[in-house]
Structure formats: C-alpha cells, structure tokens
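Protein sequences, first through last, are from chains A and B.
The end of the first sequence is residue 220 by this note's numbering, with every number in the run present.
The end of the second sequence is residue 1104 by this note's numbering, with every number in the run present.
Relax, there's no trap hidden among the hints.
Per the computed footprint, the stretches of chain A lying under chain B, defined by three or more beta-carbons under 8 Å from a beta-carbon of chain B, are: (1) 49-63; (2) 96-105.
Just some of the chain A residues that point at chain B, by a computed CB distance under 8 Å: (3) A18; (4) V21; (5) A181.
The set of hints was computed from the structure by calculation and includes no laboratory data.
Where a beta carbon is used, it is the ideal one built from N, C-alpha and C, also for glycine.
The lines below spell out each chain.
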Amino acid sequence: MHIADGVLSVPVLVGTSTLAAAGVGFALSRMDHESIPRVGMLSAVFFVASLIHVPIGPSSAHLLLGGLLGFLLGWQALPALTVALILQVVFFGFGGITALGANILIMGVPALLCYYLFAIRVRPGMAPGRILTLAFIAGTLGVLFSGIMAGLCLFASGREFAAVIWAILIGHIPILVAEGFVTAFVVGFLHKVRPELLGGQTLASA
Amino acid sequence: MIAFEKIVASLRFPAAPAMAAIFLLGAAESAFAHKVKIFATADGAKISGYAYYSGGARPRNVTIEVRGPREEKLGEVETNDRGEFVFEAVSRCDHTFVLDLKDGHETSFTVEAKELPDSLPVPGDTGASPVAEEKEAAAGEEQSDTPRSEEWVSSVSLTEVEAVVGKAVSQQIRPLREQLDAFEEKAKLHDILGGVGYIFGLFGIAFYFLGARRKEEGVGVEKISNE
Chain A
15 MHIADGVLSV PVLVGTSTLA AAGVGFALSR MDHESIPRVG MLSAVFFVAS LIHVPIGPSS
75 AHLLLGGLLG FLLGWQALPA LTVALILQVV FFGFGGITAL GANILIMGVP ALLCYYLFAI
135 RVRPGMAPGR ILTLAFIAGT LGVLFSGIMA GLCLFASGRE FAAVIWAILI GHIPILVAEG
195 FVTAFVVGFL HKVRPELLGG QTLASA
Chain B
878 MIAFEKIVAS LRFPAAPAMA AIFLLGAAES AFAHKVKIFA TADGAKISGY AYYSGGARPR
938 NVTIEVRGPR EEKLGEVETN DRGEFVFEAV SRCDHTFVLD LKDGHETSFT VEAKELPDSL
998 PVPGDTGASP VAEEKEAAAG EEQSDTPRSE EWVSSVSLTE VEAVVGKAVS QQIRPLREQL
1058 DAFEEKAKLH DILGGVGYIF GLFGIAFYFL GARRKEEGVG VEKISNE
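Generate coordinates for the entire structure from the input sequences, incorporating the hints supplied.
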C-alpha cells in the first residue's frame, strides 16, 4: 500500500508530512538503547516483506506487517517504517518522496492502533492461545486499518471514498488472512523463545 | 528444531521474522515490486498493449483512458482477461494511455505520433479520415511537410513497402522493448540486500551513539551488566 507522488493533493501532503514528522520525532525521543536492534531488525523485515510479491488471482500483493510492527514495537514502529519506506522510494521508486508522510501514516497509525488495542493486553504468564489470538487479530486489523488510512488519504485528495476502499480491500482480502497467520506465527514463536519482547516497550522494560 | 530455537533464543532481537523473510525471498525471486505499468506498441494504426504489475500479474477488465497530446479524451479501452487491449488510432498524434486503479496506483504510457503510420491524418487537418482510406490519405499528405512527399506521389508501392517493413520491424523489436521495460521495473535482489544493509548500518550507528551517551551518563553500564 504505497501511494505514489502526484496522487495526493498538496494540503493532504503537507498535513500528513507534519503529522508523520511529529510522530516519528516523538518516537525517537522515547527510543532507548535496548530497543534499537529490535527496531532495526523489524525495519529490515518490513522493507523486505513489502518487496516480495505474491501473485494472487488477477493482481499481486505483498505483506504489510503493520500489525506485527505495532505489536512488537509500539511507537518505535514509526522510525522503523520511516527508514524502510525511505529506502523503498530511493531504491525502487515505490511510494514517493512527497508522499512519504502519507505512507508513514498509512502504515504507522494502524501499527499504533494494534499496539494500544492488542499488544498492551499481553501479560506475562498469559495463556499462549490468547496471545496468538490477539496477534492474529492485530495482523488482520493492521491490514484493514491501512486500507482505511489509504482510503482516507485518497478521499481527502478528492477521490470517491467508496470506490477507493473497495478497490483496496478487494485486493487485500487474501493478505488480510495471510497477515493474521504470519503475525500469530511470529508472535507465538517469540513468546516461546523471548517472551519479554512482547508488548512493545512497556512490558519489555517492565 | 530445538537447536534452531536455542540459536534464536540466544539472540537479543527477533531474528525469526528476518529468517522467514529471507526464506520467502529465496522462494519468490520473480515476484518483487509493486507498481502498475502499461506497455503498448503501434502496429499500423492498431495500438495494442497490456497493463501489468511489475510482479508480472496483469489487471483484468480495467478501463484505460486514451488521451491526445492536449489531454483531450480520445476514447476508452478495457483490458481483457489477459490484461490486453487494442485501440484503433484515427489520427496521427501522441496517444497517452492512462490507467487509474482507484487505489492510489496510477500509470500512463505514451505511444508517440511517429510510431503511427503516415497515412493517418494529423489532428488539425480537415476531418479525421478512417483508416481504410490509406491511399487517399497518403496522397493527402502532400500538404503536410514530410520531406518525402514527392516520392510518395510518384510511387504508391513505396507506401506499401514502408507499411510492410514498419510492421515487420515493430514485430521484431516488440519483445525486446517489452523485456527492457519489464527489466527497468524489476527490483533486483542486490538492491534489496543493499537496502537491508543500509537499515542495519543506520540502526548500528544509532545504537552506537545512544550507547555512547548512556555510557557518559553512567546509566548503561550497570544495566548492561545486569542482563
């Protein structure tokens, strides 16, 4: 879900860039020493995952991993996404320089929502089944929220909302499901081997 | 598997998703990139082409708008089940094919006027003559400033030869152009690996600077030794 240059209107570009810069700035101010390797690793995962295209029916789509990033990183998902998105623009021309802010929000807001809705519910000693369920829902809703965010950005630039949402979501239904499983798998695996990594910064430092 | 988990457990960061991604990367080498593009060539007055995602899949049954050099709408085409479309040009001008997938993906491709046969009327001339009247149209070219116009009047067969040669050449180079076009769009493995390297490098630098600051403040030392 990358929006290219020249698609969004100027007020939307300015607004999203400002918001994205504020969000990333806030996240960076709270970034601590221990979280950096984790942020870097997930940034790389996101960078690679959104370049791998799985042909699905008439179209092709890629994993978004917004839910996973939010689940594991909380606010730090924003810098992780920013770095990866910048490199995608520079190397491959996916997205665009001016649309960078919009793309950060399209991925970042769902990540934050997934963090606050699901990841902070994870408690030490929680039943693995419940954690997997939370992760699965976070993964699927992450995709859905991203679609809605992209729809909102396009809508604010004068496109018809229903058509946009329809076009985006139809193509992403398989991804929605796949993303739920991937997120649940990764979170389940981490829960087994490094349970303290779950729940973003709050639990990691608690 | 247990040994694998132990290795992962010994790392300080989530290596599992990275490994999964690298496995996926190996499995899906042909399917990088996400961008929609159009490719089209003229074969006589018939412009045929197709829309495709840079992964290789093609959008089916989508409407492509055809615009002239001054953004005026010349018509619309719809892609078939294989993502292909055909457009009959009625005038010799730049044809721009615009595809808007409504989800933020947009693309355009221009077939330049010079790819189209001389027999088509140039817009602005009196009346758009249909493709069938090639010979009359060719004779009508006298007014236009083609340097070859004298020869054209003297020998009609030359037009025919030109048409045949043009067709053959465009058929021959079409696969090459397609390949080149697709190649440009293909995200290459080494670019991806380079990007991953950049990310690790950047976060490595951040790690170093934050670590250095904590050390100066004397906070990091005991915390690290605790772990």
